[in-house]
Amino acid sequence: MSRITKEYRLIRKTLASDDPTFNPYRGIIESLNPIDETDLSKWEATIYGPEHTPYEHYQFRMLINVPDSYPMAPPKIMFEKDAILHCNIKSVTGEICLDILKPQDWTPVWDLLHCVHAVWRLLREPVCDSPLDVDMGNIIRCGDTRAYQGIVKYFLTERERNNHT
Amino acid sequence: MGDELHNRLLHQSNNTKDEVLYKIIESLICSICHDYMFVPMMTPCGHNYCYGCLNTWFSSNTQKELACPQCRSDIITIPALNTTLQQYLSFILDRLGGEEDDSFQKLLTTKIKEENDYKLNKEKDTLFEGVFKNSALAVADDSDDGITRCSNCHWELDPDEVEDGNVCPHCNARIRNYAGGNDEFDEEEYSEGELNEIRESMRRRRENRPASVDPFANRDDVSSEEDSSSDDEPMREHIPQGRWASSHNRSIAVDAVDDDDDDEEREEEEEEEMDSDMKDFIEDDEDEDEDGSRRELVLSALNNGHVIITDDEEEDAQGQAPAEEEDHDSDFYEHNDEGFVSGDSLDESQKQPADVDSNSDSEDRSISYPSSNEVDEQDERDVEELDDPQPKRQKRFRVVLGDSDDE
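Protein sequence lines correspond, in order, to chains A and B.
So that you can map any letter, position 97 of the first sequence is 97 in full-length UniProt numbering, and since no number is skipped, the others follow by simple counting.
So that you can map any letter, position 402 of the second sequence is 402 in full-length UniProt numbering, and since no number is skipped, the others follow by simple counting.
Warning: the hint list may mix true and false statements.
Sample of chain B residues with no beta-carbon within 12 Å of chain A, all distances over it, derived [unchecked claim]:
1. Met42
2. Glu115
3. Asp117
Beta-carbon label-pair distances, calculated as ranges [what the hints assert, rightly or not]:
4. B:Tyr22 - A:Glu80: 36 to 44 Å
5. A:Gln104 - B:Asn134: 17 to 25 Å
6. B:Asp117 - A:Lys76: 26 to 34 Å
No lab work stands behind these hints: they were computed from the structure.
Predicted model, so just to flag it, every value in this text is computed and none were measured.
We put the beta carbon where it would ideally sit given N, CA and C, even for glycine.
The task is simple: from the sequences and hints, build the whole structure.
In structure tokens:
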């Protein structure tokens, strides 16, 4: 049985649990499952926006591509297009800049839950030194967190409005 | 005393016993394939993986050093068969083997196959596809000015050349430990004055940081070291603790420098002092790296990940003297005075040359950051800390500065 199959079983069991010691991802990962049960190379995940960030109360969906060489190679994780604004995410494509997802920093000890969790934490702590969205990165660099949060909030409100119309 | 735990366990509830057993079985699972380790190999850092998994891991990233997937430390010596774990698993299989069904049979087949693979490789002396035989180590010899060399052919390993591939440029041997230095936070890129500024700036940044962007607080996180650091000593924990902490640290440091345009200028001036011959060449970091006449090697692996700063006194002195002779405007000294002072003071082997300097140091700093209330307090603490041999900073850098006749 391949590792991803085993992971799938574990993920289902973990996320279904209400026990916080068994499921540390409560309130973090809403769902993580293959798009098509017969193809474990394409996954989708939904995370909750972390508390006390402008992302709070919103959900974010990402698409995960698990390469054949997984777990020797990292999974590719992207947000949906135009669904999030963050200095380490290219909003137009949904591309995420996170070191542990880069081949040189990846280790096979991580699994999909770790990765999704790490992306969630990236939302909580933007790293403005290696920004994909340079403009957003510069705002943080200048120390203007209020502006940063304001822009993100505006973006997300707009997103919701567009979704409903 | 040797049977204390045995006896205790016997008197525990079934729940506890189950818990213990469960934990033991779990420790027999490879964190790479999430399956039982029929041939558990233990790395020098004490982590266990299947022989097959570890082998695949080594060969899947031939561009890199051999690193432990769990803790990322360099795997310098060949992992050994962990017979204890292997016996546990065999024992458990033995005892649970009563009801033979398909899935259990499958386990047994896998076990036999993996054990045979291992045995065969061992007999043919091709364990891990010979990667530990055909690869070299990056070794720094202190009696040779600490220059990092390939253990196979003794060719000097320039981090720039080794960078892509972690391969010796001369004999093409794969280097088992991390030989490239450029990924590190290059302390020698900055004068100590700048390092202090970086620390200061990071401290301020941290204080200003709103609660919403708290550093990650969770386990297994790359930046968790940062979290555990106390606010008093913002930089200490940011001095890279090996290669893997470095990208994070470096980025912070670079950012801090970018805060202030003066810093770049200052950095260049510092470079001039380091090696006045160089001043015509240096335009920016890249150029300096390319011309290669100034070598910096940062080698951590051999010392179990401990990196040692050896700040060569002679070189310091040489570096300073010409700079002082040079004709600089008053502005230059205002900027660099601070750099000199703290540079010396950080170096434990070198005693503070003059009290005057330390005064000007604190003056300078309070001028630079008049807005920060904690500055004075911090200053005092800084001076104290700097005079200290810095007991906390165990992982430090070895800085090797070569001369231009290297190439």
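Against the structure, the hints:
1. Distance check for Met42 of chain B against chain A: the nearest CB is about 15 Å away, which clears 12 Å, and the non-interface claim stands.
2. The beta carbon of Glu115 of chain B sits about 19 Å from the closest Cβ of chain A, which is more than 12 Å, so the claim that it is off the interface holds.
3. Distance check for Asp117 of chain B against chain A: the nearest CB is about 18 Å away, which clears 12 Å, and the non-interface claim stands.
4. The hinted range of 36 to 44 Å is satisfied by Tyr22 of chain B and Glu80 of chain A, whose Cβ atoms lie roughly 39 Å apart.
5. Between Gln104 of chain A and Asn134 of chain B the beta carbons are some 22 Å apart, a value that agrees with the proposed interval 17 to 25 Å.
6. The given range of 26 to 34 Å is respected by Asp117 of chain B and Lys76 of chain A, whose C-beta atoms sit roughly 31 Å from each other.
Hint violations for this structure: none, all hints satisfied.
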